[in-house]
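Go by the hints and put chains E and C onto chain H.
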Amino acid sequence: MIRQIGKRLATTIPSIIGVIIVTFLLTRVLPGDPAAYFAGPAATPQAIEDIRKSLGLDKSLPEQFVRYVTELSRGDLGKSLTSGQPVRSDIAQRLPASAELTLAGLIISILIAVPLGIAAAVRQGSWIDHLCRMVATAGVSLPVFFTGLILVYVFYYLLGWSPAPLGRLDVFNSPPPHVTGFYLIDSLIAGDFETFRASLSQLILPAATLAIFSLAPITRMTRASMLAVLGSDFVRTARANGLTPRTVIVTYAFRNAMLPVITTLGMVFSFLLGANVLVEKVFAWPGIGSYAIEALIASDFAPVQGFVLVMAIMYVLLNLMIDLLYGVIDPRVRLEG
Amino acid sequence: MNQRPDLDTAHIAATDTPLAAAAIAAAAGSAVAKSPAPPKQTSVFAHARYVISENPVTGLAFGLFLLISVCAIFGPWIAPYDPLASNTMAALQPPSAKHWFGTDQLGRDILSRVMVAARLDMFIAVASVALVFALGGLSGTAAGFFGGWTDRIVGRIADTIMAFPLFVLAMGIVAALGNTVTNIVIATAIINFPLYARVARAEANVRREAGFVQAARLSGNGELRILLTQILPNIMPIMVVQMSLTMGYAILNAAGLSFIGLGVRPPTPEWGIMVAEGAAFIVSGEWWIAFFPGAALMLAVFCFNLLGDGLRDIVDPQRRT
Amino acid sequence: MTAPTLLDVRDLTVEFMTRRGVVKAVQHVNISVAKGETVGIVGESGSGKSVTSYAVMRILDRAGKIADGAITFSGIDVRDAPEKEMRDLRGREMSMIFQSPRTALNPIRKVGDQIGDVLLQHVQAQPSDVKEKAIEALRKVRIARPEERYHAYPFELSGGMCQRVVIALALACQPQLLIADEPTTGLDVTTQKAVMDLVVELTRERGMSTILITHDLGLAAAYCDKVVVMEKGKVVETAASATIFKSPQHAYTRKLMRATPRIGVSLRDLLPEDMPVPPPPVTDPAEEKLEDKSPLLVVSNLVKEYPRQGASGSLASFFRKKNELPEPATFRAVDGISFEIKRGESVGLVGESGCGKSTTSMMVMRLLDPTSGSVMFDGEDIGAIPAREFAKSAMRKRIQMVFQDPTESLNPRFTAMRAIADPILRMSDIKGSDAVRARCEELARQVGLPVELLDRFPHQLSGGQKARVGIARAIALSPELVILDEPTAALDVSVQAVVLNLLEDLKQKLGMSYLFVSHDLNVVRLLCDRVIVMRAGKIVEEGSAEAVMDRPKSDYTKELLAAIPHPPL
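Residue numbers (numbering that gives the first Met the number 0), protein chains in the order written: chain H, 0 to 336; chain E, 0 to 320; chain C, 0 to 568.
Hints should not be assumed to be uniformly reliable.
[Claimed, not checked] Heads up, incomplete: computed chain H residues facing chain E, CB under 10 Å, no partners named: (1) Pro13; (2) Ser14; (3) Gly17; (4) Leu25; (5) Ala137; (6) Gly147; (7) Leu148; (8) Pro164; (9) Leu271; (10) Asn275; (11) Val276; (12) Ala291; (13) Met313; (14) Tyr314.
[Stated by the list, open to error] Here are the simulated SDA-like pairs of lysine to any residue, each with C-alpha atoms no more than 20 Å apart in a straight line: (15) Lys78(H) <-> Leu94(H); (16) Lys83(C) <-> Arg122(H); (17) Lys83(C) <-> Thr243(H); (18) Lys83(C) <-> Val249(H); (19) Lys130(C) <-> Thr246(H); (20) Lys109(C) <-> Val249(H); (21) Lys231(C) <-> Val22(C); (22) Lys391(C) <-> Phe145(E); (23) Lys64(C) <-> Arg122(H); (24) Lys139(C) <-> Gln123(C); (25) Lys83(C) <-> Thr246(H); (26) Lys391(C) <-> Arg207(E); (27) Lys109(C) <-> Arg254(H); (28) Lys506(C) <-> Pro478(C); (29) Lys6(H) <-> Arg155(E); (30) Lys83(C) <-> Val247(H); (31) Lys391(C) <-> Gln213(E); (32) Lys506(C) <-> Leu270(C); (33) Lys109(C) <-> Thr246(H); (34) Lys83(C) <-> Arg245(H); (35) Lys83(C) <-> Pro244(H); (36) Lys537(C) <-> Ser553(C); (37) Lys396(C) <-> Gly210(E); (38) Lys391(C) <-> Gly210(E); (39) Lys64(C) <-> Gly124(H); (40) Lys557(C) <-> Arg529(C).
Simulated from the structure, these hints should not be mistaken for lab results.
Glycine included, each C-beta is placed from N, C-alpha and C at the ideal position.
Same shape as in the complex, but just chain H (with noise of 0.2 Å):
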């Protein structure tokens, strides 16, 4: 088992290799002058002259390319102009906002999803198989910030039912001591349920937002991909030897019918971290996402860079997680392997 983890983690090297190249070449091949980027619109030349120095930009490319591996390495991402602190510590600092939110809106539309879309298969023409239908059309057409706005107006400015959309916590409750950085698992460690409550009331509106958002391509390829396997050979086979209902679908159509699920939450992952960005907006939610606009606003590019590498790196080990969740599902692949 530790080898087959092992392979797939050096399979996923060349994919960082390319990121760490692209992210390099993204910089590189500006139009004009990478310096004056670095330095900021407020730059005078000398100024300008001096960042190109000190980032070796004077350099020929390959050398710098080997600086900025180098630099990867020690964990440098360089410095943000705006808040004069090392982008990594920034981004360190505003990830856990962003893991919580995301991880919220994901559990929250799996549970939701994936019965559906069970329901929808086994019960075909019924209402669920309708409602599941239109989810699923509907959602993919929403944009992201729109709903965001949209439940913001419904349910804090019509029905006050949710608070400002300000953030993690309101003025007047602090976060909780930090653990893991997520505030409703360390509000609930430090025996606060004051403001475990407080940022579950923020937390919902923005996770519900993401939630809707994936729902559809979730909630869509589990039914269709339960509709196939219901109506293939062996749960034929299972049902003519007198299986029930409940053991043919338990036990023999939904196993296999997850294994195209799993791999479509490879791209339910893609599009989420990308929607992440724009709820973070909507909700002045203080992630990395934010982070990102904040410094494209004001044109301070390393940031800007430091949040794409970062992203692209959990995003490939995320993509190793669904690898190895799948392989423990199949068998086929483990053995084959």
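Just chains E and C now, with coordinates in the frame of chain H:
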């Protein structure tokens, strides 16, 4: 290209039920394949009419598409107000008989802005889809058919792009290349490249050793000729469906980028940037500024998704009776 | 004293809701199965034989329903029984095995667990002894090392072993009735014999009744007590298997019987009695002597090697005993074979799946490059021209092929005419759409394809019509050698009879040579002058058709011949 098996299943299910239904039919075995054929062959139009009558939703999609195209082409001339004319006296007015969609913070008529914005959004979508179809579709087909180095190179490029969360990569590309509409088109094309390349590659690969391709070799067709005359025409329907679905995604992508300030600058009317401008006013109750452009976005994407489904039904010759 | 009736199907009508309205798949069908009896239901595609059995088990599709008639199983009214009762019946009192055994098993569940599920469901075992009983079930179907195989996944087993597992599943609870729906279609003839013998042995030993559904009249007659013949949803004849061959009553049965290739008949005998048949083309004996008797095709030491895949390597090592040698890194699909084909000769290349006959034919066709060895055609080494470039060579039009699957070998976007015209457009001197059309019509007439069908697409043509299009395309440029790769395997037996006769007539008329690749020995006997038997990439026997079929020398050939089901004559 990817380690996980069943990705083609993923693709099949993503392009949805008729293929799954065919898989079910094939799985049930049966005499369907060998039954004697119906005697007549009807034209594309007759079949199109049949499909629309069967499925009114497809008809609705066509109608919507027409509406959006009219706005895109004739927008500036049929809009009731000048989309750029500000009138601070009439700012922040809710929808009324005078301004059907209300006015924004600068007093501009939102209905006019929404109509005119159709042009820019459609342009971005069409341009990026055309670009990615040309690049991704052709390279994917070649990769799937010829295999070898072509496959490896195309695969590497696609995998490298796929290693990024796509929207994030688009942000990076637009930030790097510069904040212009052209670069949004390029960025959107780049992030859709792997999908097209993969779909085209899978389709070409399946047909590479098919009986009729072997027969074409026996008939004296060279490999390149086979690619152009036998493989491409068979792949086209699936690519067209893909194009329609991607149009929707391209619009969402462009709107998302504009929402965070990339690509389009104010005061240019574009649906995404209008939603961004209206976002600040949602918390104070002026919902119409963000709502109408957002609804327009939703309808446009919805329309293209339905069109894709309907197109697939029409274009697939198996389903002609 | 006749045995009591176990299953009584009376006046059964099954309807399906389709897009085009209600379709009656089965009408007024009467079948009865006595205790311990084996009944064969025979019919071609569309006859409703499978639908009938699905109705008996009540596992019809959502769109299907029993519209009329009664089904009584062991006294129980199947039609009205509540679903819970049916579930108890299924697997415990009546069970079913299907075609394609590998897909009939859950690919990600261990084989032993799947048997265990059925045992537990019907309370034939407790969780404490279910593993033991499952292993016992595997042992009963003669699977070697059942304790090890209990833990295997379906993809680790061969096709034959998978079919045994499926049988074990069906018989685990000792049902009274076993329905076998085309259980051996697609299997090699020796595997088919093994599976059928096993089924018959197990069912007779327990006094079980069996229904065997098949398109092969010979198979049914060989293994069943009684045969029911169905056509287009209706039963046309029911008789004991001895009489069905000796004195078939119904015209359809006679047609089916005649069309079944078997010993002692000629090609013409396969055709229906009432079909007008032109006399076979007469060959002038004087002409024959003057003909050049030098070989047209000479294949020497042909080898095709493939690198071994990782999967089979590691699986093989999993099951390998400790002192066996590791297998070589490459796999020889074709291991040094040599043979020749003379002008005007028809040579059959037979063997079971995996023997290398298809690979050989691909290399002779120049669609695949040999690893070593030579292929000489009319004195020229065509093996030296790489497959990728052969399409442009002048030799291309002299060797053509008729494919196995008529559907797959036609471009779905080309009309029949365009498909036939393809070689004409590419490699002949005929120019201009009128001339090309005229030639296509001429070819259509030659193969018996009605000219008005030329403008249809493949999905609008029947199996037989598509086969004719493929043949017309192959002979379009009057090739000298035509390779026929199981050209009738996908066709109904009555259509097969007509197509085989067509192929023979064309060969005589156009003076072509045939290389006929097939696994069906009876068909090969009818069409070929000489026969080559292949096994595991090598030739094991070669000779004239009568010599090999009637006086086989090698043990393997004897085994193959013995495996062909012999209907009682």
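Tested hints:
1. Pro13: holds (8 Å)
2. Ser14: Interface hint status for Ser14(H): holds (4 Å vs cutoff 10 Å).
3. Gly17: Since the shortest Cβ distance to chain E is 4 Å, the answer is holds.
4. Leu25: Cβ of Leu25(H) sits 4 Å from chain E, so the hint holds.
5. Ala137: Hint on Ala137(H): holds, closest Cβ of chain E at ~7 Å, below 10 Å.
6. Gly147: Holds - the Cβ of Gly147(H) comes within 10 Å of chain E, reaching about 9 Å at its closest.
7. Leu148: Hint on Leu148(H): holds, closest Cβ of chain E at ~5 Å, below 10 Å.
8. Pro164: Holds: closest Cβ of chain E sits about 7 Å from Pro164(H), inside 10 Å.
9. Leu271: Holds, about 8 Å.
10. Asn275: Check passed: Cβ of Asn275(H) comes within 9 Å of chain E, closer than 10 Å.
11. Val276: holds (7 Å)
12. Ala291: holds (7 Å)
13. Met313: holds (8 Å)
14. Tyr314: holds (5 Å)
15. Lys78(H) <-> Leu94(H): holds (17 Å)
16. Lys83(C) <-> Arg122(H): At roughly 18 Å apart (the allowed maximum being 20 Å), Arg122(H) and Lys83(C) satisfy the hint.
17. Lys83(C) <-> Thr243(H): holds (9 Å)
18. Lys83(C) <-> Val249(H): Holds, at about 18 Å.
19. Lys130(C) <-> Thr246(H): holds (18 Å)
20. Lys109(C) <-> Val249(H): holds (16 Å)
21. Lys231(C) <-> Val22(C): Holds, at about 12 Å.
22. Lys391(C) <-> Phe145(E): Holds, because 18 Å separates the two Cα atoms, which is no more than 20 Å.
23. Lys64(C) <-> Arg122(H): Roughly 18 Å between the alpha carbons, so the hint for Lys64(C) and Arg122(H) holds.
24. Lys139(C) <-> Gln123(C): holds (16 Å)
25. Lys83(C) <-> Thr246(H): holds (14 Å)
26. Lys391(C) <-> Arg207(E): Judged against 20 Å, a Cα distance of about 18 Å means the pair holds.
27. Lys109(C) <-> Arg254(H): Holds: Lys109(C) and Arg254(H) sit about 13 Å apart, inside 20 Å.
28. Lys506(C) <-> Pro478(C): holds (10 Å)
29. Lys6(H) <-> Arg155(E): Holds - the C-alpha atoms of Arg155(E) and Lys6(H) are around 19 Å apart, at most 20 Å.
30. Lys83(C) <-> Val247(H): Judged against 20 Å, a Cα distance of about 14 Å means the pair holds.
31. Lys391(C) <-> Gln213(E): OK: Lys391(C) and Gln213(E) at ~14 Å, within 20 Å.
32. Lys506(C) <-> Leu270(C): holds (18 Å)
33. Lys109(C) <-> Thr246(H): Cα-Cα ~15 Å, so holds.
34. Lys83(C) <-> Arg245(H): Between Lys83(C) and Arg245(H) the Cα gap is close to 13 Å, so the pair holds against 20 Å.
35. Lys83(C) <-> Pro244(H): Between Lys83(C) and Pro244(H) the Cα gap is close to 10 Å, so the pair holds against 20 Å.
36. Lys537(C) <-> Ser553(C): holds (13 Å)
37. Lys396(C) <-> Gly210(E): Roughly 17 Å separates the two Cα atoms, so the pair holds.
38. Lys391(C) <-> Gly210(E): Holds: Lys391(C) and Gly210(E) sit about 19 Å apart, inside 20 Å.
39. Lys64(C) <-> Gly124(H): holds (17 Å)
40. Lys557(C) <-> Arg529(C): holds (17 Å)
In the structure shown, no violation is registered for any of the earlier numbered hints.
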